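Guided by the hints, dock chains L and F onto chain A, whose structure is given.
Given next are the chains, with one letter for each unit.
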Amino acid sequence: MTDKALILSRVLEKTFEDFAFMFIDAVPTHALNAPEAEAYIQAAITYVAGQEKGRLSVMASAEFCRCLSRNILGLETEDPLDPGIAESGLSELINVACGSLAEALYGTDAVVDLEPPVQTVCSEREWKQFISDQPTLVLLVDDYPVGFRLDVTTNME
Amino acid sequence: MALVVVDIAQMKITDSSDDVLVTYSLGSCVGVAVYDPFLGIGGMIHCMLPLSKVDQEKAKQRPGMFVDTGLSLLLTRLFNMGVRKSRVMVLVAGGAHVLNNNSLFKIGERNVTVLRKILWKNGMLMHVKDVGGNESRTIRLHLDSQQFVIKKLGQEFVYDVSGN
Amino acid sequence: MSHNVLIVDDSMIIRSMVAKTLKISGLDLGKMYYAANGQEGLDTLQAHHVDIVFADINMPMMDGIQMVRSMAESGLLQRIPVVIISTERNQQRIDQLKAMGVTAYLTKPFMPEDFKDTVEHLLAKEDKPL
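Chains as they are written, first to last, in the working numbering: chain A, 1 to 157; chain L, 158 to 321; chain F, 322 to 451.
Don't read these hints as lab results, they were simulated from the structure.
All values reported here derive from a predicted model rather than from experimental measurement.
A portion of the hints provided could be inaccurate.
With a straight-line cut-off of 25 Å between C-alpha atoms, the simulated DMTMM-like cross-links for lysine to aspartate or glutamate are [as the list claims (entries may be wrong)]:
no.: 1; chain 1: F; residue 1: K344; chain 2: F; residue 2: E361
no.: 2; chain 1: L; residue 1: K308; chain 2: F; residue 2: E361
no.: 3; chain 1: L; residue 1: K286; chain 2: F; residue 2: E434
no.: 4; chain 1: F; residue 1: K437; chain 2: L; residue 2: D317
no.: 5; chain 1: F; residue 1: K344; chain 2: L; residue 2: D172
no.: 6; chain 1: L; residue 1: K242; chain 2: L; residue 2: D172
no.: 7; chain 1: L; residue 1: K210; chain 2: A; residue 2: E76
no.: 8; chain 1: L; residue 1: K278; chain 2: A; residue 2: D25
Here chain A stands alone, though its shape is the one from the complex (with noise of 0.2 Å):
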């Protein structure tokens, strides 16, 4: 694992428990073989710090979605959640993680601006693309496979 994911996994570690109470484990190979989901949801968020540009993304199901927003609002299982809640409880974590990351990777002198995130529904063809693909950090997050991706590149003018 290279430094910068070793960073982000301990980020990620950090801000589940903090902001949603949920626990990260290592990722059994039949997490991977779920059942497939209803639907995926993708949010990204691309920061900028100095030379370095950066995109920080995620994708999980939609029910992993509604879980990590019931636990943000501290509300049980059954509860409804209001149209958008879900998705903007990705959003959000992701939103959260890149300031925790951008701390991580560059301290609290150096100015990283970043943009809001973006959400995209996706397709379970796109979920197994994601997860598959080499720089993507695959975790069990109670119980459910989330996938994570940070893009650095750097200016080199």
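Leaving out everything else, chains L and F in the frame of chain A:
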């Protein structure tokens, strides 16, 4: 003064104004005291592990062993006795890092996380929170003097829980 | 004395989370208003009496800094305390916010106890009963 000892994986509730609830040696375990100063009812629990899903049978026999089942049950029992969220004091200690066993390294932190989750679900805030670090703690809830006391590293830290 | 609050954040879940934290903090709450960006926040402040503003920084259309700047220029910032709740970690930027007149800053994710302490402290400074 009557000392009421709460052992590991136990919970106790009292409404006797002479009582002092106490639990000892909170390492990675979390101790939670809940006190309603208006009714003079206090409860205390000493939980070892965060989530009951690791052993559901044990959780049925000893719900106090796990933070999710134990704290939920303690709160339910207190609410059934008339304790009100709006005036209750929630006092938390423990969740220390236990360094010698890798598999236990995060138990303390996870105990605190699940505890926070249960409180948030119930719309409750902590009034005293002394968690983490490496030191073991002992806690006492004095219903007689309406004080919560944390003992660690040979020192005592006293908190007024009269709600005034 | 009840307090009307305005919560400004493009995140629906954060608006709900801040609202819940306010409700369980034991504060005397009046009306709660919501806005998804700085412009909506300013529009709400023009239309309604608000006692405290909670605002994010990174929002589309108008960010929190522009909103606070506009509040300062119109004199609103002198009478309405603003608490910024954001992922920003740069200390210089946080100090700049406070120099602009922002009353307090909370980092996401915030602990509800810290949120309550911040608001109680703010109201005590304003000499307003809780």
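Consistency of the hints with the structure:
1. F/K344 x F/E361: Holds. F/K344 to F/E361 sits at ~23 Å (cutoff 25 Å).
2. L/K308 x F/E361: Distance of about 51 Å is beyond 25 Å: violated.
3. L/K286 x F/E434: Roughly 10 Å between the alpha carbons, so the hint for L/K286 and F/E434 holds.
4. F/K437 x L/D317: 19 Å, holds
5. F/K344 x L/D172: Status violated; Cα separation ~29 Å.
6. L/K242 x L/D172: With a Cα-Cα distance of about 17 Å, the restraint between L/K242 and L/D172 holds, given a limit of 25 Å.
7. L/K210 x A/E76: With Cα atoms ~17 Å apart, L/K210 and A/E76 stay inside 25 Å; holds.
8. L/K278 x A/D25: 23 Å, holds
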